[in-house]
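Each chain, written out:
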Amino acid sequence: MAATIPWERLRSAGAKLTTPLHPDDYLRLLNPLWSERELRGLVVDVRPETEDAATLVTRPGWGWRYDHRPGQYVGIGVQVDGRFQWRSYSVSSPPRRDGRTIAITVRAMPEGRLSSHLVNGLAPGTIVRLALPEGDFVLPEPPPPRMLFLVGGSGVTPVMAMLRTMARRGSMPDVVMHYSSPTAERMIFREELAALEAAHDGLTVHRLHTDTDGMLELSDLGALCPDWRERETWACGPGPMLDAITTHFEQAGLEGRLHLERFSLELGGDGGEGGTITFRTSGKEIEVDGATTVLEAGEEAGVGMPFGCRMGICHTCTLTLVSGRVRDLRNGEELHQPNEQVQTCVTAAVGDCTLDI
Amino acid sequence: MAISDVREYTHLTDEEVEQIGRELDAIRAEVEESRGAKDAAYINRVIAVQRAMAAAGRAAMLAAPHTGRGRRPAYAAGTALLGLAKILENMEIGHNVMHGQWDWMNDPEIHSSNWEWDTAQPAEQWKHSHNYVHHQFTNVLGYDNDIGYGILRMAREQKWHPANIGQPVYNSLLALLFEWGVALHDLDIERIRKGEKDPQEMKRQLTQIWRKGRNQVIKDYVVYPALSGRHWKSTLRANVTANIIRNLWSYVIIFCGHFPDGAMHFTEEEIEDETRAEWYLRQVLGAANFEGGPLLHVMSGNLGFQIEHHLFPDLPSNRYAEISVRVKALCEKYDLPYTVGPLHRQYGQALRTIMKLSLPNRMTSSDQPEPSTPARDRKRRTDAERPERRRELGGWTRSAS
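Line by line, the protein sequences give chains D and Z.
Here UniProt numbering is used: the first residue of the first sequence is 1, the next is one more, and so on.
Here UniProt numbering is used: the first residue of the second sequence is 1, the next is one more, and so on.
Note that these hints are calculated values from the structure, not bench results.
Among the hints, erroneous ones may be present.
Derived lysine-lysine pairs resembling DSSO-like cross-links, with alpha carbons at most 27 Å apart [claimed, not checked]: (1) 159(Z) x 38(Z); (2) 16(D) x 219(Z); (3) 159(Z) x 194(Z); (4) 219(Z) x 159(Z); (5) 16(D) x 233(Z); (6) 159(Z) x 16(D); (7) 219(Z) x 233(Z); (8) 379(Z) x 194(Z); (9) 159(Z) x 379(Z).
Bound conformation, chain D alone:
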């Protein structure tokens, strides 16, 4: 039985043979998935969903745990022109303990070089890097009896993971979904949704084609779903749509029932005060204002800063703060403990500070 093999002990014994490298540094040459140093995945299938969206089915390598919660996202890193670029996407497949693959669905953005590459340029057989699932836009256990999903465009992916999970368990509660998309053709998962709707009495899907019928007016929400006030609501989609939904729920005094997923950086907190940021290892320094993130400052100073999603979710850019104080621009929280790990893409200097890079 696999569980009885003391893997960790075997690996640390192996390190005696490979020091200063890790056994995984050799094993990944035999099979690229045999390494835990950086999580890896093998792209086994690229399924076109619409003209500009595709689902990437990936078989993760060693170190992956198939315990993501429906609605969470994962980081995916691909080498473009020799350089690893990272983005985060919601997992659209339901979690399975016996799982062998995970699926993410990506829409090619007009200016998103990486998303276009993922949709059009990634062939099965490609090895990508992965980051473990994160995010708290998730299906609660057990799901509430009445749910409302407000979805725009590719914001459907985390919701799809939740719907698939409930469908697989055969426990679809009373679910109303409002799904906006520019046209019927650009609607990701439209056939699967139709099938789910047919199979589950509890599920009702409203479709809105915004190119012809205009955006959803939230004042019409009462007509679409008369009991929306009593439902637990999940909303995912473009920023302006989420802003409007937030305002609407706040006005109704129901913000506690609303769960949001934003795929863009929302720097709501106050800026830092600025100061001189010192990058200790590279010996570079730069003076910045309180609105410049530490990541931008480092890039400006010419430091080879690691980076990923650039919106505070993937943690690829995390560095050690040696001294000084930085502020998290999303919520104004200040980080100042010596050797604290900070996400450079969402923090700015509050006075002088030093980072270990």
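Please build the complex by placing chain Z on the supplied structure of chain D, with the hints as guidance.
Chain Z in isolation, oriented as in the chain D frame:
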């Protein structure tokens, strides 16, 4: 002669020096801009080949037949593969990754901040003694601890001491035990001898060296011999040989970088208010290249392009060959010396200098075109006494005591 002002020495105007600086900056910018998939594929391929060679070398020894005719060839092949793998790891991979040449790939598995190399010296200490002390103060007397490594007298401007008579012996020992010489290099034994070293820092460094060195020794001299069972002696011998092959080769390559005749030394006056363009000039005057085919260059970590490496320590090594064409043309245009020769001649000159300088200056003749500056005792500088560091040399850091 030790140069106290590169501008004066090269007979260039301020404007010309600045122009050279701009042209070199432009070369750097162009190469940075054009780094891409081919370069990434190159380093990944070198790493794969190196690891395959190391694994094959170890496997050949473990699988060697116990008796009969296959035994010796298996061990010979294993030793050669392991020695070559260690050379490749230290020269073309470790040294260059730790300079930050591949940091642009954004790959944490090939990054200067966490690379550990297959030799006794901890990476952290190497990055200080090499990236900072050697690359910033290249060939400046009293500042660059690589002028003779505190063991050999390599410049006529260094004061002679009776102990220097032993140089031919020290040199042979250094070559054989190069790995361990490098391991102790950042400790600055001269300072310890004079009782000037901070004891806490010394303890921290020694602990680091002890840990790294212990793991290296256990791997090569305990674990693999033990796995060979009755053949433990053969494996031990093979591993010692592989390490010595690596030691001798890296010693020869490194001695060809700054000790051939054309490489100049500098006095501390040079680095007062030195501009970036003057720093570039000092790198050209202070380094020496050697010629060879692509294989020789890969096996020497592209340090045959020592001049280009010193100008651009953090640009990918596979680009030095093409950069050298442009640097050579630039040197011709401004009538700057560009020292290059075959490997055997460059090493021969270094060896001759080691022999000659074991004696007082008056007993030997100089091989430099100009008379030497009077020798005097130059105290080694601490980091506190050094000017601020430059940005493009690859990083270094000290973990807390």
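Hint by hint, which ones does this structure get wrong, listed from lowest number up? 1, 4 and 6
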